[in-house]
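Here the protein sequences come in this chain order: A and B. Going by the numbering used here, the first sequence opens with residue 1, and the numbers climb by one from there. Going by the numbering used here, the second sequence opens with residue 1, and the numbers climb by one from there.
Some clues are possibly wrong.
Below, in silico cross-link-like pairs of lysine-lysine (DSS-like), each with a Cα-Cα straight-line distance of 30 Å or less [said to hold, decoys possible]:
{"no.": "1", "chain 1": "B", "residue 1": "36", "chain 2": "B", "residue 2": "51"}
{"no.": "2", "chain 1": "B", "residue 1": "36", "chain 2": "B", "residue 2": "70"}
{"no.": "3", "chain 1": "B", "residue 1": "70", "chain 2": "B", "residue 2": "51"}
{"no.": "4", "chain 1": "B", "residue 1": "98", "chain 2": "B", "residue 2": "36"}
{"no.": "5", "chain 1": "A", "residue 1": "78", "chain 2": "B", "residue 2": "36"}
{"no.": "6", "chain 1": "A", "residue 1": "78", "chain 2": "A", "residue 2": "42"}
{"no.": "7", "chain 1": "A", "residue 1": "78", "chain 2": "A", "residue 2": "57"}
{"no.": "8", "chain 1": "B", "residue 1": "70", "chain 2": "B", "residue 2": "98"}
{"no.": "9", "chain 1": "A", "residue 1": "42", "chain 2": "A", "residue 2": "57"}
{"no.": "10", "chain 1": "B", "residue 1": "70", "chain 2": "B", "residue 2": "108"}
{"no.": "11", "chain 1": "B", "residue 1": "98", "chain 2": "A", "residue 2": "83"}
{"no.": "12", "chain 1": "A", "residue 1": "78", "chain 2": "B", "residue 2": "98"}
{"no.": "13", "chain 1": "A", "residue 1": "42", "chain 2": "B", "residue 2": "108"}
{"no.": "14", "chain 1": "B", "residue 1": "51", "chain 2": "B", "residue 2": "98"}
{"no.": "15", "chain 1": "B", "residue 1": "108", "chain 2": "A", "residue 2": "57"}
{"no.": "16", "chain 1": "B", "residue 1": "51", "chain 2": "A", "residue 2": "42"}
{"no.": "17", "chain 1": "A", "residue 1": "42", "chain 2": "B", "residue 2": "70"}
{"no.": "18", "chain 1": "A", "residue 1": "57", "chain 2": "A", "residue 2": "83"}
{"no.": "19", "chain 1": "A", "residue 1": "57", "chain 2": "B", "residue 2": "98"}
{"no.": "20", "chain 1": "B", "residue 1": "70", "chain 2": "A", "residue 2": "57"}
{"no.": "21", "chain 1": "A", "residue 1": "42", "chain 2": "B", "residue 2": "36"}
{"no.": "22", "chain 1": "A", "residue 1": "42", "chain 2": "A", "residue 2": "83"}
{"no.": "23", "chain 1": "B", "residue 1": "98", "chain 2": "A", "residue 2": "42"}
{"no.": "24", "chain 1": "B", "residue 1": "36", "chain 2": "A", "residue 2": "57"}
{"no.": "25", "chain 1": "B", "residue 1": "108", "chain 2": "B", "residue 2": "36"}
Quick caveat, the hints were computed from the structure, so don't treat them as lab data.
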Amino acid sequence: EPEVTQTPSHQVTQMGQEVILRCVPISNHLYFYWYRQILGQKVEFLVSFYNNEISEKSEIFDDQFSVERPDGSNFTLKIRSTKLEDSAMYFCASSFNHREQFFGPGTRLTVL
Amino acid sequence: GQQLNQSPQSMFIQEGEDVSMNCTSSSIFNTWLWYKQDPGEGPVLLIALYKAGELTSNGRLTAQFGITRKDSFLNISASIPSDVGIYFCAGVTSGTYKYIFGTGTRLKVLA
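Could you put the whole structure together from the sequences, leaning on the hints where they help?
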């Protein structure tokens with residue numbers, strides 16, 4: 001069964017450094033998303049992406065964040081200058097019809 | 001902002017028992033999704049609901065889209081140890097596909 005994959009599974013970085021989290025969505029899906037989950041808390045929407053542009057974003061998704069689909073398969077989330085409070089699980093999701101969203105296994109980001 | 005409250009927050013049940021949990025909001029939603037999350041993993045989609053009053057099953061799981069469109073319910077029949085995990089509801093309102101996630105119900109099954 002096709003699934004969303006994410007790399008790396010765990011990323012440790014120093015505060016102020018840039019990180020890029022990578023995702024490979026399900027191949028025939030058209031809509032892509034990033035969510036984050038701070039340890040022990042609920043899942044929070046960050047951004048949705050369709051047709052090579054951002055379709056929606058939350059207030060969390062400020063100028064430090066950007067997304068890109070650099071080729072036909074990858075979908076990336078970049079955090080330009082990480083802060084301690086960016087430590088969380090980051091989940092990529094994809095959807096064929098913008099309704100049922102399928103999540104990847106996540107990347108645990110630890111900012112020191 | 002919109003919030004989805006899930007209850008109960010956590011529950012211990014005996015293997016074989018039925019489980020009910022719900023998700024409520026003051027806002028109206030057009031779509032409800034139910035997910036299960038195991039520790040250290042991503043949410044796994046269980047059931048999707050699209051119409052008020054809709055009742056949908058997936059094996060031992062049954063979910064309903066509330067008539068008021070402000071709530072949804074998930075039932076698990078004859079629970080087994082692998083049902084352990086956190087169950088999240090997620091809803092989306094008209095004009096957006098930004099899913100709002102609930103606070104989660106942590107289920108523990110005692111063998």
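Against the structure, the hints:
1. Simply put, residue 36/B and residue 51/B have alpha-carbon atoms about 21 Å apart, close enough for the 30 Å limit, and the pair holds.
2. Between residue 36/B and residue 70/B the CA atoms are separated by roughly 21 Å; this keeps the pair inside 30 Å, and the hint holds.
3. Proximity of residue 70/B to residue 51/B is assessed by CA-CA distance (about 12 Å); at most 30 Å being required, the pair is judged to hold.
4. Taking the CA atoms of residue 98/B and residue 36/B, the gap is near 19 Å; set against the 30 Å cutoff, the hint holds.
5. Restraint check for residue 78/A and residue 36/B: the C-alpha separation of about 27 Å stays at or below 30 Å, so the hint holds.
6. Between residue 78/A and residue 42/A the CA atoms are separated by roughly 22 Å; this keeps the pair inside 30 Å, and the hint holds.
7. Note on residue 78/A and residue 57/A: the hinted pairing holds, with a Cα-Cα distance of about 14 Å set against a maximum of 30 Å.
8. Between residue 70/B and residue 98/B the CA atoms are separated by roughly 16 Å; this keeps the pair inside 30 Å, and the hint holds.
9. The straight-line distance between the Cα atoms of residue 42/A and residue 57/A is roughly 17 Å, inside the 30 Å bound, and the hint therefore holds.
10. As the CA atoms of residue 70/B and residue 108/B are separated by approximately 27 Å, the hinted pair is consistent with the 30 Å bound.
11. Between residue 98/B and residue 83/A the alpha-carbon distance is near 24 Å, which keeps this suggested pair within the 30 Å criterion.
12. Our distance criterion of 30 Å between C-alpha atoms is met by residue 78/A and residue 98/B, whose separation comes to about 20 Å.
13. Using a Cα cut-off of 30 Å, the hinted pair residue 42/A and residue 108/B holds, with the two alpha carbons roughly 18 Å apart.
14. The straight-line distance between the Cα atoms of residue 51/B and residue 98/B is roughly 18 Å, inside the 30 Å bound, and the hint therefore holds.
15. Taking the CA atoms of residue 108/B and residue 57/A, the gap is near 34 Å; set against the 30 Å cutoff, the hint is violated.
16. Restraint check for residue 51/B and residue 42/A: the C-alpha separation of about 25 Å stays at or below 30 Å, so the hint holds.
17. For the suggested pair residue 42/A and residue 70/B, the alpha carbons sit about 19 Å apart, so the restraint of at most 30 Å is met.
18. For the proposed pair residue 57/A and residue 83/A, the alpha carbon gap of about 19 Å is at most 30 Å, so the pair holds.
19. Taking the CA atoms of residue 57/A and residue 98/B, the gap is near 8 Å; set against the 30 Å cutoff, the hint holds.
20. Of the pairs offered as hints, the one joining residue 70/B and residue 57/A holds, with about 23 Å between alpha carbons and a cut-off of 30 Å not exceeded.
21. Under the criterion of a C-alpha separation no larger than 30 Å, the hint pairing residue 42/A with residue 36/B is consistent with the structure, at around 12 Å.
22. Between residue 42/A and residue 83/A the alpha-carbon distance is near 20 Å, which keeps this suggested pair within the 30 Å criterion.
23. Proximity of residue 98/B to residue 42/A is assessed by CA-CA distance (about 14 Å); at most 30 Å being required, the pair is judged to hold.
24. Restraint check for residue 36/B and residue 57/A: the C-alpha separation of about 24 Å stays at or below 30 Å, so the hint holds.
25. A hinted pair counts as satisfied when its Cα atoms are at most 30 Å apart, and residue 108/B with residue 36/B qualifies at roughly 13 Å.
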